[in-house]
Amino acid sequence: AQSVSQHNHHVILSEAASLELGCNYSYGGTVNLFWYVQYPGQHLQLLLKYFSGDPLVKGIKGFEAEFIKSKFSFNLRKPSVQWSDTAEYFCAVIFYNNNDMRFGAGTRLTVKP
Amino acid sequence: ETGVTQTPRHLVMGMTNKKSLKCEQHLGHNAMYWYKQSAKKPLELMFVYSLEERVENNSVPSRFSPECPNSSHLFLHLHTLQPEDSALYLCASSLSPQGKDGYTFGSGTRLTVV
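These protein sequence lines are chains A and B, in that order. Using this note's numbering, the letters of the first sequence correspond one by one to residues -13 to 99. Using this note's numbering, the letters of the second sequence correspond one by one to residues 453 to 566.
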């Protein structure tokens, strides 16, 4: 079955620390990949997306993600986090044989000032 | 605001009530979706409408009934719900009918079933 896995439920970092959140999916075919962020009390916002081309994708607010096809991974990174990055982060995948977007369970990021 | 508007923002209903959630988008998008967001669980896709036709019903209980009268509006009719149906219900839309360009989400309706 096609699925999306986020390995970390809750990550706690201090400001200026580097961030990497893992995302893996199970499917050997073509995919579109997304990271969404949900700040407390707010709607899901798109951080970045990958369709094709350069596997290193740059998004908003200094985030980037790298698609590694051989590892079925699309990890999210940020070199230096800020307190305002405290939020829940969701990895999402559209599998090309489906008409819908599947989400991981989310990773809650807490950044301590 | 994202361009996808959901009302009401909060809803408390009894198990014997009938209520409806509304979603509206004026982005010119061609597909609309209902998701359920429960604590510590992945977002669960409930329904997909593409070009106003239902294309997927993800084994959702019949106490949830969607309606898409036109490309800008999507409803979720609720009746005889259970306490475990309490969750945040999210509506989303996408430009392409297959949604492969990504979705725009509304702020959700926080539903509590008592």
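Since the hints were made in silico from the structure, they are not lab data. This structure is a prediction, so every number in the text was calculated from the model and none was measured. There could be a bad hint or two in this list.
Using 27 Å as the maximum straight-line C-alpha spacing, the simulated BS3-like pairs for lysine-lysine come out as follows [said to hold, decoys possible]: (1) B:K474 <-> B:K492; (2) A:K47 <-> B:K474; (3) A:K44 <-> B:K552; (4) A:K57 <-> B:K471; (5) A:K98 <-> A:K47; (6) A:K98 <-> B:K492; (7) A:K55 <-> A:K35; (8) B:K493 <-> B:K471; (9) A:K47 <-> A:K35; (10) B:K492 <-> B:K552; (11) A:K35 <-> B:K470; (12) B:K552 <-> A:K35; (13) B:K493 <-> B:K470; (14) B:K493 <-> A:K55; (15) B:K471 <-> A:K47; (16) A:K44 <-> A:K55; (17) A:K98 <-> B:K493; (18) B:K471 <-> A:K35; (19) B:K474 <-> A:K57; (20) B:K492 <-> A:K57; (21) B:K470 <-> B:K552.
Status of the hints after comparison with the structure:
{"no.": "1", "hint": "B:K474 <-> B:K492", "in the structure": "holds, 25 Å"}
{"no.": "2", "hint": "A:K47 <-> B:K474", "in the structure": "violated, 31 Å"}
{"no.": "3", "hint": "A:K44 <-> B:K552", "in the structure": "holds, 19 Å"}
{"no.": "4", "hint": "A:K57 <-> B:K471", "in the structure": "violated, 45 Å"}
{"no.": "5", "hint": "A:K98 <-> A:K47", "in the structure": "holds, 18 Å"}
{"no.": "6", "hint": "A:K98 <-> B:K492", "in the structure": "holds, 22 Å"}
{"no.": "7", "hint": "A:K55 <-> A:K35", "in the structure": "holds, 15 Å"}
{"no.": "8", "hint": "B:K493 <-> B:K471", "in the structure": "holds, 25 Å"}
{"no.": "9", "hint": "A:K47 <-> A:K35", "in the structure": "holds, 14 Å"}
{"no.": "10", "hint": "B:K492 <-> B:K552", "in the structure": "holds, 26 Å"}
{"no.": "11", "hint": "A:K35 <-> B:K470", "in the structure": "violated, 38 Å"}
{"no.": "12", "hint": "B:K552 <-> A:K35", "in the structure": "holds, 10 Å"}
{"no.": "13", "hint": "B:K493 <-> B:K470", "in the structure": "holds, 26 Å"}
{"no.": "14", "hint": "B:K493 <-> A:K55", "in the structure": "holds, 26 Å"}
{"no.": "15", "hint": "B:K471 <-> A:K47", "in the structure": "violated, 39 Å"}
{"no.": "16", "hint": "A:K44 <-> A:K55", "in the structure": "holds, 17 Å"}
{"no.": "17", "hint": "A:K98 <-> B:K493", "in the structure": "holds, 25 Å"}
{"no.": "18", "hint": "B:K471 <-> A:K35", "in the structure": "violated, 36 Å"}
{"no.": "19", "hint": "B:K474 <-> A:K57", "in the structure": "violated, 40 Å"}
{"no.": "20", "hint": "B:K492 <-> A:K57", "in the structure": "holds, 25 Å"}
{"no.": "21", "hint": "B:K470 <-> B:K552", "in the structure": "violated, 34 Å"}
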